Amino acid sequence: MSAFTGVTVDREALIANYATVAEQVAPSGVVAVVKADAYGHGAVEVARALVDAGADWLGVADLDEAVALREAGIDEGVRILAWLHAPDEDFRRAARYGITPAVSSVEQLSTAADADVPEVHLVVDTGLSRNGAVESEWPELFATAAALTRNGDRTRIEGLMSHLSNASRSDDLDQDVALQRAIDGLAAVGIRPDVVHLAASAGSLALPETRRDLARVGLALYGLSPFPDRTSADLGLRPAMRVTAAVLRTVAVPAGDGVSYGYTWRAEQDTRLAVIGLGYADGFDRAYGNHVSVRIGDRRFPVVGRVAMNAMHIDIGDADVAIGDEVVLWGDPANGDPAVEDWAAAIGTINYEVVARVGRSVERRTT
Amino acid sequence: MSAGLRRAVIDLDAYRANLDLVRSWMQPVEVMAIMKADAYGHGLEPIALTAVDAGIRWIGVLTVPAALRLRAIGVGEDVHLFTWQHDPALDFRDAIDSAVDLGVSNVAELRRIVDAVDQRPARVHLGVDSGLHRDGATAEDWTALVELARDAQRDGRIEVVAAYTHLAESSDADDSAAVAHFDAMVEQAEDLGLDIRWEHVAASLAGLERKEFRKDMVRMGANLFGIPGADGVSAADLGLTPVMTLSASVAKTKRVPVGTGVSYDYTYRTDTETTLALVPVGYADGVPRAAQGRLEVAIDDTRYPIAGRVAMDQFLVDVGDDDVRVGDTVTLFGTGEDGEATVLEWGRALDTIGEEIVCRIGSRVPRVYEGHSGEGRVGEYLRGERS
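Just so you know, the sequences run in chain order X and Y.
Okay, so the first sequence: first residue is 6 according to the working numbering, each after it adds one.
Okay, so the second sequence: first residue is 194 according to the working numbering, each after it adds one.
Any given hint might turn out to be false.
Said to hold, decoys possible - Listing some non-contacts, in silico: residues in chain Y with all C-beta distances to chain X over 10 angstroms:
#1 A282
#2 P314
#3 R327
#4 R487
#5 Q507
#6 L575
To be verified - Here are the computed lysine to any residue pairs in the SDA-like style, where the Cα-Cα straight-line distance is at most 25 angstroms:
#7 Y:K404 x X:A100
#8 Y:K404 x Y:W218
#9 Y:K404 x Y:D388
#10 Y:K404 x X:W143
#11 Y:K404 x X:A148
For the record, the hints were derived by calculation from the structure and aren't laboratory data.
The model shown is predicted, which means the values in this text are computed figures rather than measured ones.
Idealized CB from N, CA, C, for every residue including glycine.
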């Protein structure tokens with residue numbers, strides 16, 4: 006029996022995390038964010054699990070992602086919001102597939118209206134400087150929105166959204182104040198959106214005052230913590246992604262031998278190595294080599310030498326490890342697995358990037 | 194066709210030209226075109242068919258499932274498909290039936306292959322671990338592996354096609370020692386009564402620089418994608434053209450005042466009133482989160498630095514007072530001919546190698562094939578006539 010090489014997503018963990026998050030942000034609702042292939046977890050299966058958990062809003066970055074979910078059978082009883090649009094987007098597929106675009110400009114709003122999109126959300130920039138209309142553009146954007154309403158056009162302003170920078174508590178609260186100005190500006194032209202949303206995982210958990218009507222939550226649903234000083238368990242969450250690989254070979258190496266490209270690691274004493282078939286083409290950075298450890302059985306062993314395109318080496322010493330044995334790269338630390346945050350720290354980044362980088366070449370399964 | 198948010202344009206003419214050039218350098222030595230990892234992120238099928246159209250007879254694809262994908266689109270058995278990393282649970286029967294060449298590293302693996310043989314003999318390459326310690330047999334296991342191969346060949350169950358090894362490219366001396374070890378192993382095999390028809394040891398770098406390592410065949414990967422491996426040598430120096438150009442369309446521009454914080458944590462602040470342009474490519478697409486201060490992108494021949502943290506789906510560039518508009522093309526990397534960075538520059542700026550840059554361009558970035566696409570097998574494939 007040989008171990009599975011790939012990503013296993015724990016459906017029960019997703020469902021439990023959804024319940025935990027939903028309870029915590031109530032009475033605000035949740036937009037379950039499944040962009041970027043559900044942060045590397047596999048968008049379709051994750052979306053199905055979250056819908057089963059009760060999600061009635063899904064959030065994605067772009068319409069390609071949204072259409073893919075509809076085509077996979079996520080029906081229109083579940084709302085899908087998408088907020089990043091190509092300059093030549095005509096929004097007709099948004100209308101056809103029942104996808105709600107969040108629009109950042111007068112042009113996008115007018116194009117969506119021309120396509121008879123029934124509902125849109127307006128995106129305003131309250132400080133992150135990313136997408137969203139800047140404050141100087143609000144009067145024209147809001148006037149355009151009001152004109153649509155006045156003309157009896159099919160397109161309705163259902164929501165208003167912005168995105169926090171997480172720069173500091175006071176910066177985030179300043180953004181909330183700016184958002185209020187946008188709400189007031191819209192009200193002045195007679196538009197009162199059904200839903201206003203600002204906070205994502207970090208804001209909705211740490212700054213309750215930024216929650217508004219909906220919290221857009223991604224990372225926390227995957228059971229990961231957006232805070233450097235708090236673990237998944239601290240937040241009552243269970244990491245849903247477990248990455249495992251089968252040992253492809255074991256090999257004895259004498260003291261002094263180098264390993265992998267460039268020999269960045271040499272054996273200090275006679276030892277044994279295990280090789281697994283995951284590498285940088287699968288999203289495991291070259292730079293992880295010599296900086297992370299994996300679990301085999303109940304023990305931790307270091308990854309040594311450069312991570313190659315499709316393989317990495319593990320120093321197993323004299324441990325009883327055989328071909329086909331399971332190697333756990335990361336999973337739920339509550340079960341003794343390495344934490345994805347250890348991998349993030351090893352290359353100076355955050356858990357979001359580590360999971361989102363796991364490539365489509367890696368097989369996914371849901372349990 | 195819609196330009197969309199982002200795209201990786203794959204220039205199949207450039208791949209073809211690189212392949213022709215590299216093959217001319219290697220004459221009379223055979224070239225195996227390496228296309229593991231979905232052809233280094235370029236897309237396996239179009240690259241493979243381009244190579245087949247160019248007359249390539251050997252392709253290396255790492256795994257059996259990848260080789261079977263190529264057989265399924267009509268890559269015939271006159272093209273040898275070399276695989277060398279096998280899941281311990283893999284059933285070899287389909288590979289053997291489809292004449293996929295199997296690299297083997299140990300006795301247990303060879304035994305599984307021999308046991309899976311039904312009608313036709315399995316085509317086997319015996320691997321030697323010459324120091325990289327990734328695959329191939331160690332010196333202790335070599336004799337047993339050779340004896341099993343020799344006997345299975347005599348019984349008509351396998352055909353021993355080749356012996357091979359991978360070099361660590363740590364230093365010239367280490368590589369020389371590795372090749373000497375390989376030579377000794379081949380000699381030992383011959384002493385045990387097993388003739389080795391093909392020997393292949395060198396990959397891109399050693400294939401170019403160490404002529405004596407070329408043996409019967411050189412495995413060429415990165416060079417064919419226009420990504421030179423040697424320090425200080427650009428693709429243009431060698432006459433190679435980068436095959437992948439990563440670009441996006443400006444999704445939003447905005448005029449912001451001095452002192453505006455940009456992206457998460459406000460790690461960048463504008464030092465004057467300026468225009469920010471939103472580029473819809475993020476770390477989920479393969480641009481590292483930490484690229485601020487390291488990478489520049491090109492818009493209309495001008496380079497601009499990435500401003501602030503790269504987010505999952507997007508980043509910003511500070512374009513000053515330049516007339517940059519929504520829909521303008523942003524080139525992240527390409528051939529370098531229009532002022533944009535090359536993959537080689539990205540690798541240097543990010544302390545890694547070009548191979549890692551192209552391999553991690555994610556699945557949300559559509560591959561758009563240009564050049565060569567009207568003709569031959571690749572043309573048929575791109576028109577949907579071979580899937």
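Evaluated hints:
| no. | hint | result |
| --- | --- | --- |
| 1 | A282 | 4 angstroms, violated |
| 2 | P314 | 24 angstroms, holds |
| 3 | R327 | 5 angstroms, violated |
| 4 | R487 | 13 angstroms, holds |
| 5 | Q507 | 6 angstroms, violated |
| 6 | L575 | 20 angstroms, holds |
| 7 | Y:K404 x X:A100 | 61 angstroms, violated |
| 8 | Y:K404 x Y:W218 | 10 angstroms, holds |
| 9 | Y:K404 x Y:D388 | 23 angstroms, holds |
| 10 | Y:K404 x X:W143 | 66 angstroms, violated |
| 11 | Y:K404 x X:A148 | 71 angstroms, violated |
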